[in-house]
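Asker: Let's have the full structure, built from the sequences with the hints guiding it.
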Amino acid sequence: MGFFLFLFILLALLNIFFPRIGWYMRYGWTIKGDVEPSDAYLLMTRISSILMLIVLFIFWSNFF
50 MGFFLFLFIL
60 LALLNIFFPR
70 IGWYMRYGWT
80 IKGDVEPSDA
90 YLLMTRISSI
100 LMLIVLFIFW
110 SNFF
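With our numbering as the guide, the letters of the sequence shown map in order to residues 50 to 113.
By construction, these hints were calculated from the structure, which means they are not laboratory data. Mixed in with the good hints there might be a few duds.
[Unchecked claim] DEER-style ranges, computed between Cβ atoms:
(1) L54 x I96: 15 to 25 angstroms
(2) M50 x G82: 39 to 49 angstroms
(3) Y73 x L102: 17 to 27 angstroms
(4) F55 x S97: 17 to 27 angstroms
(5) S110 x L63: 14 to 24 angstroms
(6) F112 x K81: 43 to 53 angstroms
(7) K81 x G51: 36 to 46 angstroms
We put the beta carbon where it would ideally sit given N, CA and C, even for glycine.
Answerer: Okay, structure coming up:
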């Protein structure tokens, strides 16, 4: 369980600080040419990752 927790936190932090990497891994490789993610997508990715970390820490503190 510790490995999955570490992986979840690592991916969330990666999405907060480098959201373009996640976009390229999910969508960017399927598109030809120079295409960039929109600012709205990058913002929503950061916000949702922050919210997921907050929810994780709330559940984690109530669980243990």
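Asker: All the hints need checking, so say for each whether the structure fits it.
Answerer: Results for each hint:
1. L54 x I96: 15 to 25 angstroms: Since L54 and I96 have Cβ atoms about 21 angstroms apart, the given range 15 to 25 angstroms holds.
2. M50 x G82: 39 to 49 angstroms: holds, 42 angstroms
3. Y73 x L102: 17 to 27 angstroms: Since Y73 and L102 have Cβ atoms about 22 angstroms apart, the given range 17 to 27 angstroms holds.
4. F55 x S97: 17 to 27 angstroms: At 20 angstroms between Cβs, range holds.
5. S110 x L63: 14 to 24 angstroms: Once the Cβ atoms are compared, 23 angstroms apart, the range 14 to 24 angstroms for L63 and S110 holds.
6. F112 x K81: 43 to 53 angstroms: Holds - the Cβ-Cβ distance for F112 and K81, about 46 angstroms, lies within 43 to 53 angstroms.
7. K81 x G51: 36 to 46 angstroms: Holds, at about 41 angstroms.
When held up to the earlier numbered hints, the structure conflicts with none and fits them all.
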